[in-house]
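All letters in the sequence shown, in the order written, are residues 22 to 176 by this note's numbering.
Because the hints were derived from the structure by calculation, they are not lab data.
One or more hints might be untrue.
Claimed, not checked - Listed next, with one range per pair, are the computed distances between beta-carbon atoms:
1. Tyr-89 to Asp-146: 18 to 28 angstroms
2. Asn-153 to Ser-27: 14 to 24 angstroms
3. Lys-50 to His-77: 14 to 24 angstroms
4. His-147 to Lys-36: 28 to 38 angstroms
5. Val-40 to Arg-176: 15 to 25 angstroms
6. Glu-121 to Arg-55: 37 to 47 angstroms
7. Arg-116 to Ser-27: 32 to 42 angstroms
8. Pro-168 to Lys-36: 16 to 26 angstroms
9. Asn-153 to Gly-32: 31 to 41 angstroms
10. Gly-32 to Thr-148: 35 to 45 angstroms
11. Gly-28 to His-88: 16 to 26 angstroms
12. Lys-73 to His-52: 28 to 38 angstroms
Said to hold, decoys possible - Below are the BS3-like pairs computed for lysine-lysine, each with C-alpha atoms no more than 30 angstroms apart in a straight line:
13. Lys-36 to Lys-50
14. Lys-154 to Lys-35
15. Lys-44 to Lys-154
16. Lys-72 to Lys-50
17. Lys-165 to Lys-35
18. Lys-72 to Lys-154
19. Lys-50 to Lys-35
20. Lys-73 to Lys-165
21. Lys-35 to Lys-73
22. Lys-44 to Lys-165
23. Lys-36 to Lys-165
24. Lys-70 to Lys-36
25. Lys-36 to Lys-154
26. Lys-35 to Lys-72
27. Lys-73 to Lys-154
28. Lys-72 to Lys-36
29. Lys-50 to Lys-29
30. Lys-29 to Lys-73
31. Lys-165 to Lys-154
This structure is a prediction, so every number in the text was calculated from the model and none was measured.
Using N, Cα and C, we set each Cβ at its ideal position, and we do this for glycine too.
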Amino acid sequence: MQVIFSGKRLGASKKTLTVFVSKICRELKWHTLRSELNIVLISDREIRKLKKTFYHIDRATDVIAFHYSHFVRKKEKGLAVIPFADIFVSVDTARRQALEGGHSLLQETALLIMHGMLHIAGYRDHTARARNKMFAEQRALFRKLAPDLAPADFR
Numbered sequence: 022m023q024v025i026f027s028g029k030r031l032g033a034s035k036k037t038l039t040v041f042v043s044k045i046c047r048e049l050k051w052h053t054l055r056s057e058l059n060i061v062l063i064s065d066r067e068i069r070k071l072k073k074t075f076y077h078i079d080r081a082t083d084v085i086a087f088h089y090s091h092f093v094r095k096k097e098k099g100l101a102v103i104p105f106a107d108i109f110v111s112v113d114t115a116r117r118q119a120l121e122g123g124h125s126l127l128q129e130t131a132l133l134i135m136h137g138m139l140h141i142a143g144y145r146d147h148t149a150r151a152r153n154k155m156f157a158e159q160r161a162l163f164r165k166l167a168p169d170l171a172p173a174d175f176r
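Generate the whole structure from the sequences, applying the supplied hints.
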């Protein structure tokens, strides 16, 4: 799995997040895929446009994930790298949520990326039961892969 970050600058955090995402890919058994996972850091304005276009909801959100593997046609499977998924994270919302939660922007960004990856893996959060299951998996992954990167309420 090739991980590509784009959009707003991460600075020194990019290396930490790249290692973190690679660990999650291994855990989810994605590391052997000849695919690319794009993680795009954008503004509230940009993520609001995406949410309105694809979900018909006119408001910003923290993370949106699009999974492409089931759209790839057989003839495209000969490509060196197959598009796998895009995860869009609103840095504006991440910054606000980090302040509200009393943790760093890096920790919140890691949480949102993981959340998007779990959506791609099939986890949902539309009901209380599904959300509890997804959050339990997030806690377990943080504990196993990067306890120091976890926001306090996910340790």
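Hint check:
1. Tyr-89 to Asp-146: 18 to 28 angstroms: holds (21 angstroms)
2. Asn-153 to Ser-27: 14 to 24 angstroms: Violated - the Cβ-Cβ distance for Asn-153 and Ser-27, about 32 angstroms, lies outside 14 to 24 angstroms.
3. Lys-50 to His-77: 14 to 24 angstroms: violated (33 angstroms)
4. His-147 to Lys-36: 28 to 38 angstroms: About 34 angstroms separates the Cβ atoms of His-147 and Lys-36, which means 28 to 38 angstroms holds.
5. Val-40 to Arg-176: 15 to 25 angstroms: holds (19 angstroms)
6. Glu-121 to Arg-55: 37 to 47 angstroms: holds (39 angstroms)
7. Arg-116 to Ser-27: 32 to 42 angstroms: violated (18 angstroms)
8. Pro-168 to Lys-36: 16 to 26 angstroms: Holds, at about 18 angstroms.
9. Asn-153 to Gly-32: 31 to 41 angstroms: Distance hint for Asn-153, Gly-32 holds at roughly 34 angstroms.
10. Gly-32 to Thr-148: 35 to 45 angstroms: Holds, at about 37 angstroms.
11. Gly-28 to His-88: 16 to 26 angstroms: 19 angstroms Cβ-Cβ, so the 16 to 26 angstroms window holds.
12. Lys-73 to His-52: 28 to 38 angstroms: holds (34 angstroms)
13. Lys-36 to Lys-50: Judged against 30 angstroms, a Cα distance of about 21 angstroms means the pair holds.
14. Lys-154 to Lys-35: holds (28 angstroms)
15. Lys-44 to Lys-154: holds (20 angstroms)
16. Lys-72 to Lys-50: holds (29 angstroms)
17. Lys-165 to Lys-35: This hinted pair holds, its Cα atoms lying about 20 angstroms apart.
18. Lys-72 to Lys-154: holds (24 angstroms)
19. Lys-50 to Lys-35: holds (22 angstroms)
20. Lys-73 to Lys-165: violated (36 angstroms)
21. Lys-35 to Lys-73: holds (28 angstroms)
22. Lys-44 to Lys-165: holds (10 angstroms)
23. Lys-36 to Lys-165: Satisfied, since the Cα-Cα distance of roughly 19 angstroms is no more than 30 angstroms.
24. Lys-70 to Lys-36: Holds, at about 29 angstroms.
25. Lys-36 to Lys-154: holds (29 angstroms)
26. Lys-35 to Lys-72: Holds - the C-alpha atoms of Lys-72 and Lys-35 are around 25 angstroms apart, at most 30 angstroms.
27. Lys-73 to Lys-154: holds (27 angstroms)
28. Lys-72 to Lys-36: The hint holds at about 28 angstroms.
29. Lys-50 to Lys-29: Holds, at roughly 28 angstroms.
30. Lys-29 to Lys-73: holds (21 angstroms)
31. Lys-165 to Lys-154: holds (17 angstroms)
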